[in-house]
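All chains, please: the whole structure from these sequences, using the hints.
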Amino acid sequence: MMCMPCYTIPIRTHVITEQDNIIELAKCYTEGVVEPGDIIAIAESVVAITQKRAILPEEVQPGLLARFLCRFPGKHGSLATPPAMELALREAGTIRILLGCVAAAMGRLIGKRGFFYLVAGRELAFIDDIAGTMWPYERHIILGPHKPGKIVAAIKEATGADVVIADVNDIKCVDILAATSPASVKIAKEALVDNPFGNDDQQTPIVVIKVKKEAQDRAA
Amino acid sequence: MTASRITNLWSKVHYNPNRPVSRVVVESTTPFQFDAKESPSGITLIAQGARANMYCETIEVYDGLIEWIKVEEHAEGVVFDIKLNHPSPWRISCEQGIPHRTVISFVRDHLLTLFAKKVIFIDPGHGGNDPGGKGPVDLLEKDVTMIMATALQDLLKPLTDQVYLTRTQDYPLSQWMRCNLAVKMNAHIFISFHTHHSHDAAIQGTAVKYNPAAPGCASLARFTLEEIVRKIKRPSRGIEPDPQLRHLGLIPGLTVEPVAISNWVEEGLLRNPTLYRKIAQGIFNGLLRFWGEKKG
Numbered sequence: 000m001m002c003m004p005c006y007t008i009p010i011r012t013h014v015i016t017e018q019d020n021i022i023e024l025a026k027c028y029t030e031g032v033v034e035p036g037d038i039i040a041i042a043e044s045v046v047a048i049t050q051k052r053a054i055l056p057e058e059v060q061p062g063l064l065a066r067f068l069c070r071f072p073g074k075h076g077s078l079a080t081p082p083a084m085e086l087a088l089r090e091a092g093t094i095r096i097l098l099g100c101v102a103a104a105m106g107r108l109i110g111k112r113g114f115f116y117l118v119a120g121r122e123l124a125f126i127d128d129i130a131g132t133m134w135p136y137e138r139h140i141i142l143g144p145h146k147p148g149k150i151v152a153a154i155k156e157a158t159g160a161d162v163v164i165a166d167v168n169d170i171k172c173v174d175i176l177a178a179t180s181p182a183s184v185k186i187a188k189e190a191l192v193d194n195p196f197g198n199d200d201q202q203t204p205i206v207v208i209k210v211k212k213e214a215q216d217r218a219a
Numbered sequence: 000m001t002a003s004r005i006t007n008l009w010s011k012v013h014y015n016p017n018r019p020v021s022r023v024v025v026e027s028t029t030p031f032q033f034d035a036k037e038s039p040s041g042i043t044l045i046a047q048g049a050r051a052n053m054y055c056e057t058i059e060v061y062d063g064l065i066e067w068i069k070v071e072e073h074a075e076g077v078v079f080d081i082k083l084n085h086p087s088p089w090r091i092s093c094e095q096g097i098p099h100r101t102v103i104s105f106v107r108d109h110l111l112t113l114f115a116k117k118v119i120f121i122d123p124g125h126g127g128n129d130p131g132g133k134g135p136v137d138l139l140e141k142d143v144t145m146i147m148a149t150a151l152q153d154l155l156k157p158l159t160d161q162v163y164l165t166r167t168q169d170y171p172l173s174q175w176m177r178c179n180l181a182v183k184m185n186a187h188i189f190i191s192f193h194t195h196h197s198h199d200a201a202i203q204g205t206a207v208k209y210n211p212a213a214p215g216c217a218s219l220a221r222f223t224l225e226e227i228v229r230k231i232k233r234p235s236r237g238i239e240p241d242p243q244l245r246h247l248g249l250i251p252g253l254t255v256e257p258v259a260i261s262n263w264v265e266e267g268l269l270r271n272p273t274l275y276r277k278i279a280q281g282i283f284n285g286l287l288r289f290w291g292e293k294k295g
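For the record, the sequence lines run as chains D and A.
Positions 0 to 219 (numbering that gives the first Met the number 0) are the ones given, in order, by the first sequence.
Positions 0 to 295 (numbering that gives the first Met the number 0) are the ones given, in order, by the second sequence.
Hints are supplied without guarantee of correctness; some may be wrong.
Straight-line distance between alpha carbons at most 25 Å, and here's what the computed SDA-like set of lysine to any residue pairs gives [to be verified]:
(1) D:K26 <-> A:I97
(2) D:K209 <-> A:E94
(3) D:K146 <-> D:K185
Hints listed in this document are in silico derivations from the structure and should not be mistaken for laboratory results.
Rendered as structure tokens:
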């Protein structure tokens, strides 16, 4: 696969909270940096935080089912604690979660992973259980962002640039939750592989991806 | 001409062979003219004519040399005040690219002097058939203490070649044997890692216990506690004497409990690799204050 010649410019922001408006933030922090043809990438967790989707575990009362089911995902998984599983049950519904569990069990029998999220819903994979990162949200459970497609469209309207919302980790996995164009998905997947958002307290949830002209043509 | 936009600032310790440096990196859209001057407590860098896209605030570093960096936007440009805890030679270099990087490097030689020839024993608590506490999900104390110990060893290794672990594999050791290893090697310090474990899952936070037989050890415990709390931002559970460390005699010794594994929020924090580096840096800063004060 050919590598896209592009550069990433992480922008250090304040600690984003539920008081912030992600569209205004994207506009304000990228002003003077973003140019025509660039892509604005935003970390999914901060989009969720601005949507009041960061929840303190003590505010969740996990039921018996959540307490039981949370024993099965790997201990480094997203749903390893009862409150996170309880929130997953509320997001996807009990039936979908149970069907996901059946699929996961069958997957284990044949040595395949990922069946749970395939059946229960991809959005559950974006739940971040107590992650220990991004103070003061290090002890929150952060759900995936709500209607990310609408958010990227609104930011594009405000800034004129293509926009992606991405979930990136330090093991070079890039998941694009929403994008304003198919070309930007392709470019962002390569550009964000080294996680310029950071996975600690770097406070760089907004990244401007500058793409060389020939790469844009190729992606299109 | 459009103004250079300052987009990001970060700091990291860079381990050149035999000469570690603290690097402060200012990222911008284009190069900028700068002016740098020394102040009694550090240096001030002015990015002339630049504008800040990054958020201007005081950024805590606490890497053993750089305390914090204050970023402010003024009419003449963006001003970076870098506060050091020790005078240090510095130099500025530029790295072309997108983003453009202006790098201020501070030599950490005084740390080499302070840690040279120090014999440091690090003890990962529990092991083998003694797992210690267990988290509400499933982390085991014996495993997380090993990660803590290794993180501290990695941080100290570039400064002294006499850093030892009491155990490197998963096997049990009595408290007497652990302390005896340190005594035999005439250790300057003994640091034992544990996590708090309680039936009360609400208990959380950091505690440091100390060898009551070693002179000044309470100060060491207090410094270490303050520095760990500053790095990992958990509540303090205070310091107290640990009678089990009496086996060390006059050797300063600490039992560090950075978090409570039985609190499932803190068990969640233990899944994040960054936490271990922060705990190690907190202990490092505590040692620095302790030995720095003794030297001073």
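Evaluation of the provided hints:
1. For the hint linking K26 (chain D) to I97 (chain A), the alpha-carbon distance of about 20 Å falls within 25 Å, and the restraint holds.
2. The hinted pair formed by K209 (chain D) and E94 (chain A) meets the criterion: a straight-line CA distance of about 18 Å does not exceed 25 Å.
3. Simply put, K146 (chain D) and K185 (chain D) have alpha-carbon atoms about 21 Å apart, close enough for the 25 Å limit, and the pair holds.
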